[in-house]
Amino acid sequence: MFDRKLIRNFSIIAHVDHGKSTLADRILVATKAVSAREMRAQFLDDMDIERERGITIKANRATVFHEHQGREYMLNLIDTPGHVDFHYEVSRALAACEGVLLLVDAGQGVQAQTVANAYLAVAAGLDIIPVVNKIDLPGAMPEEVAFEIEHILGLPAEHAIFTSAKTGTGVDELFRAIIERIRPPAGDVDAPLRALVYDAKNDVHRGVVCHIRVKDGSLKRGDKIILMAAGRGYTVSEIGKFMPKPQAVDSIAAGEVGYLVAGIKTLHDVNIGDTITLENNRATKALPGYQPPQRMVFCDFYPGPMTEAPQLREALETLWLNDSSFSFEPVHSNALGFGFRCGFLGLLHMNIIQERLEREGEIDVVQTAPTVTYEILNKNGEVIHIDSPSELPDMSIVEEIREPMITASLIVPADSIGSIMQIAEDRRGKYLKTEYLSTTRVMLTYEFPLAETIFDFYDRLKAATKGYGTMDYEWHGYHADDLVKMDILVNGTPVDALSIIVHREKAERRGRALIKRLRKEIARHLFDIPLQAAIGGRILARETIKALRKDVTAKCYGGDVTRKRKLLEKQKEGKKRMKMVGQVTIPQEAFMAILDPGDDN
-19 MFDRKLIRNF
-9 SIIAHVDHGK
1 STLADRILVA
11 TKAVSAREMR
21 AQFLDDMDIE
31 RERGITIKAN
41 RATVFHEHQG
51 REYMLNLIDT
61 PGHVDFHYEV
71 SRALAACEGV
81 LLLVDAGQGV
91 QAQTVANAYL
101 AVAAGLDIIP
111 VVNKIDLPGA
121 MPEEVAFEIE
131 HILGLPAEHA
141 IFTSAKTGTG
151 VDELFRAIIE
161 RIRPPAGDVD
171 APLRALVYDA
181 KNDVHRGVVC
191 HIRVKDGSLK
201 RGDKIILMAA
211 GRGYTVSEIG
221 KFMPKPQAVD
231 SIAAGEVGYL
241 VAGIKTLHDV
251 NIGDTITLEN
261 NRATKALPGY
271 QPPQRMVFCD
281 FYPGPMTEAP
291 QLREALETLW
301 LNDSSFSFEP
311 VHSNALGFGF
321 RCGFLGLLHM
331 NIIQERLERE
341 GEIDVVQTAP
351 TVTYEILNKN
361 GEVIHIDSPS
371 ELPDMSIVEE
381 IREPMITASL
391 IVPADSIGSI
401 MQIAEDRRGK
411 YLKTEYLSTT
421 RVMLTYEFPL
431 AETIFDFYDR
441 LKAATKGYGT
451 MDYEWHGYHA
461 DDLVKMDILV
471 NGTPVDALSI
481 IVHREKAERR
491 GRALIKRLRK
501 EIARHLFDIP
511 LQAAIGGRIL
521 ARETIKALRK
531 DVTAKCYGGD
541 VTRKRKLLEK
551 QKEGKKRMKM
561 VGQVTIPQEA
571 FMAILDPGDD
581 N
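So in our numbering the end of the sequence shown lands on 581, straight run, no missing numbers.
Derived from the structure by calculation, the hints contain no laboratory data.
Below, simulated BS3-like cross-link-like pairs (lysine-lysine); rule was C-alpha separation at most 30 angstroms, straight line:
no.	residue 1	residue 2
1	Lys12	Lys221
2	Lys204	Lys245
3	Lys225	Lys12
4	Lys442	Lys413
5	Lys526	Lys486
Using the sequences provided together with the hints, build the complete structure.
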């Protein structure tokens, strides 16, 4: 049993692309946990899509050993994602730690997610070590960034560690800080077992692998355990640690991090945040778990031309076993048939799930435009939530529609304030405050409707700030406004997957801009296709996709004009009949076209 005083559990937290995975790689090499021959970039990121995009999607962990002043310390490291969509992964990882390395880029300084993650660590009561990384870059300003950390987050500048994860500079000092400034884990090894399930993955051969942090007691192979929230019992068949590859051990005790395999068949049988205890020596009180992940963005997935609905269901179920943070349920569309409504943590999360579906499941997916959850107050006082405009009840019984709101922190260069405020005004943002972080950078705080920010707001922010703007947000609640449902009619038939909920003042402009884009996206058919935007029975805008024309009189060489008229009338009747029974093919681009708010029109 390892001496608990010699254990340090910590996470690396930072904004996107500030060097978390590179620092994790450097720690693995410095502690000889991975040989130089085995080493590759982003070693802990085990998904191809993570390495291709250069981002961490799932929190990863590794146990390494480091000698300090003649004593060997066990360091349990957790590398976390940096993107705002995976905020939930960070909060789960922090529950398994006593301290964090708060990483800041020496060239970019404190960014939006730096602030958000620092607040998470403070709220969790963790020891925080500020680390200024990438000091080897030509434009690095480590001292200025250290003072910026002190000004914004209140962490003393003299406590910052200057490192370069790429070259290894400052890593020895970092190890010393981890050992001296992060407290050892608390807990009683003689108390009844209490272990927190902070993550889980499905293994094809062994079932569910639970990632655990033991808070009290100890656990060994062969023990009979109880999942306290689920109330189910299992027998432990394997216990191990990530070093960084899974390695079986005989037992783990209070303060340690590891994994267990106990014949748990699917992730449906495990609640992330559950407490594991022993069947013959049960703990009386469970550990505080996690709030369930809050899905912010919803969209529908339908089978593409080469895919059947059962194939899509099987692919979704297989993917859910490795990422339970998204949800799916069956839906039906008159235009697209049977599909699934899926909930995601954000737009990046949605894109990654779609890419993994098509790549790992080898299927073709048609995706509708993302929407958000609306709260509906009916006239009888009933409150319901809808994830799609097609679920909106008849407006005669609706008292008000409430849209989800976020509080967004935008860190931008001071010379970009004007353009950012204009973008915020276009997206119905409510200004809250301005805070100067330095003479050149400002943090603007706004309240936005979530629906106005899910598509291209971040891209516009980056464009307006020449790539230097960053954004973090947190959910704020629901707010009632003058919102209406706008239907899109294709060939006289409403297409539920194209309907949207918009602010009444913007409805006509959005409707005109939308059907103009749809006209470009939907291919011409052999008959005229009218496109209409409507609120209830009121048509706001109309465009027509003209029919493909065939010259049926080409073979008429002279003769009476009635011969040509007869052929043209016959063609006209055929087009009329085709318009009544013909199916309009709507491409994927048409569904995504409704996302663009049409600010330029």
